[in-house]
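K.L.:
So the chains spell out like this:
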Amino acid sequence: MAKTRSTRLAEVIRQHEQEILTDWVALQKDSIATRRDLMNEPELKRQSQDFLNSFMAASEGGNDDIHSPAWHPVLELIGRICETRAVQGFSPGETATFVFSLKRPIFTHLRKSVPDAVAVADEIWTATLMLDALGLYATEVYQKSREGVITRQQQELLELSTPVVTLWQGILALPLIGTLDSARTQVVMENLLQRIVDTGSLIAILDITGVPTVDTLVAQHLLKTIAAARLMGADCIISGIRPQIAQTIVHLGVDLNTVTTKATLADAFAIALKRTGLMVTKAPRAGGSSGPMAPTAEV
Amino acid sequence: MERIPILKMGNYLLVSIQVDMHDQLALQLQDDLTSRIVATGVHGVLIDISALEMVDSFIGRMLANIASMSRILDAQTVVVGMRPAVAITLVELGLSLPGVRTALDVERGMELLSATVDAAERDDDFSLR
Chain W
0 MAKTRSTRLA EVIRQHEQEI LTDWVALQKD SIATRRDLMN EPELKRQSQD
50 FLNSFMAASE GGNDDIHSPA WHPVLELIGR ICETRAVQGF SPGETATFVF
100 SLKRPIFTHL RKSVPDAVAV ADEIWTATLM LDALGLYATE VYQKSREGVI
150 TRQQQELLEL STPVVTLWQG ILALPLIGTL DSARTQVVME NLLQRIVDTG
200 SLIAILDITG VPTVDTLVAQ HLLKTIAAAR LMGADCIISG IRPQIAQTIV
250 HLGVDLNTVT TKATLADAFA IALKRTGLMV TKAPRAGGSS GPMAPTAEV
Chain Y
0 MERIPILKMG NYLLVSIQVD MHDQLALQLQ DDLTSRIVAT GVHGVLIDIS
50 ALEMVDSFIG RMLANIASMS RILDAQTVVV GMRPAVAITL VELGLSLPGV
100 RTALDVERGM ELLSATVDAA ERDDDFSLR
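So the protein lines, in turn, are chains W and Y. Using numbering that gives the first Met the number 0, the letters of the first sequence map in sequence onto residues 0 to 298. Using numbering that gives the first Met the number 0, the letters of the second sequence map in sequence onto residues 0 to 128.
Keep in mind that the hints were calculated from the coordinates and are not lab data. What you are looking at is a predicted structure, and each value in this text was computed from that prediction instead of being measured. Take these hints with a grain of salt, some might be off.
Residues of chain W clear of chain Y, computed beta-carbon distances all greater than 10 Å [to be verified]:
1) ARG45
2) GLU189
3) THR215
Cβ pair distances, simulated, as ranges [stated by the list, open to error]:
4) Y:GLY93 with W:LEU37: 38 to 46 Å
5) Y:GLU106 with W:GLY252: 55 to 63 Å
6) Y:ARG2 with W:LYS281: 51 to 59 Å
7) Y:ASP73 with W:VAL186: 41 to 49 Å
Using N, Cα and C, we set each Cβ at its ideal position, and we do this for glycine too.
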């Protein structure tokens with residue numbers, strides 16, 4: 000029974016295709032008036048044309064269920080459009096309007112073409128159901144692709160936030176910024192250990208200047224990292240301990256006696272140089288071609 | 000039966016674990032190494048585990064035990080070349096092997112070994128005087 004209705008809808012769209020398209024694009028132009036920077040008119044028109052064509056083709060099949068195979072091309076097209084829009088920075092409302100704004104032109108033409116009031120109501124109801132489902136699907140796709148962006152950014156942030164830098168040959172520094180949770184400690188540990196192997200470093204400086212709070216859990220994570228580095232044959236120095244953090248560590252009863260700790264990264268670097276048999280000397284004033292304060296091997 | 004070879008190099012014993020350790024092999028190594036230390040009278044042992052890819056708590060404890068036993072027999076022990084994954088596993092297992100000396104590779108391990116053996120011998124000379 001749905002067959003006749005849907006075919007009628009497709010028929011109406013086919014007959015008035017150009018008019019519907021023009022009306023629809025005009026409506027959308029209003030709604031995206033503030034978004035000129037993100038999308039131009041020809042592109043909008045092309046997208047609308049594609050959508051209308053596939054919508055028509057699908058509704059000709061007479062199946063109202065948008066998850067049936069006949070509708071797959073439409074869903075695919077919506078998926079593509081919404082993904083691009085999510086990346087371009089459209090709001091969810093603006094993205095959903097793309098589908099919902101098609102209602103008005105279609106309804107207008109249905110009213111004109113179908114004389115019987117009951118039949119019009121039926122047609123409009125079917126069209127509403129389909130377009131609502133498609134609109135919801137559009138929002139869903141938009142949401143999913145936004146979530147994808149967030150997840151990717153989180154991952155990137157995690158990787159970016161744990162850089163291992165080489166301060167000098169054989170000396171690594173790990174400036175830790177932000178809260179240390181288990182997941183991050185794991186990444187930090189893996190990065191550090193891998194770099195120790197790659198560079199053959201003997202000393203790693205963990206700088207916790209950017210760690211806002213140190214509780215027992217964070218301290219335990221730090222100690223784990225240090226223990227793992229030690230097992231591989233590298234020594235760790237903790238630096239950048241702020242006064243409050245020193246107080247907290249002692250109050251919590253965390254035992255950092257086995258670890259070398261320094262107040263600043265500079266102090267830690269100095270002791271690291273000393274341990275590797277290097278020292279910092281002042282460059283000779285006249286004709287000194289080497290850079291100032293270049294560490295040189297002790298003779 | 001397969002065994003892990005123990006090589007004598009100068010004043011040190013060199014153990015290179017090139018196969019996956021299983022429990023029997025570890026026990027065998029413990030026996031062999033202690034008897035070799037006594038037989039040769041060396042003062043330093045270097046254990047290279049750079050080829051060891053997997054450890055469990057038993058193997059981890061065996062490593063710690065072997066190091067402690069060598070020390071009792073007056074031989075300094077250095078474990079070298081532990082892989083990152085192995086180090087993380089041991090730490091997660093709660094086996095951070097306190098008292099075991101470690102180095103990044105065989106070369107650095109040898110340096111560390113000769114330094115510690117020299118220091119230990121100096122201490123002995125001093126106490127004898």
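K.L.:
Hints first: check each against the structure and report whether it holds.
P.N.:
Each hint tested on the structure:
1. Distance check on W:ARG45: its Cβ is at least 52 Å (rounded) from any Cβ of chain Y, clearing the 10 Å threshold; non-interface status holds.
2. Separation of W:GLU189 from chain Y is inadequate, the least Cβ-Cβ distance of about 7 Å not exceeding the 10 Å criterion.
3. Under the 10 Å C-beta cut-off, the non-interface status given to W:THR215 relative to chain Y holds; the minimum distance is some 16 Å.
4. The given range of 38 to 46 Å is broken by Y:GLY93 and W:LEU37, whose C-beta atoms sit roughly 55 Å from each other.
5. Under the hint 55 to 63 Å, the C-beta atoms of Y:GLU106 and W:GLY252, about 40 Å apart, miss the expected range.
6. Hint check: Y:ARG2 to W:LYS281, Cβ distance near 58 Å, so the stated range 51 to 59 Å holds.
7. Remark: the range hint 41 to 49 Å for Y:ASP73 to W:VAL186 is upheld by a beta-carbon distance near 42 Å.
The earlier numbered hints that this structure contradicts are 2, 4 and 5.
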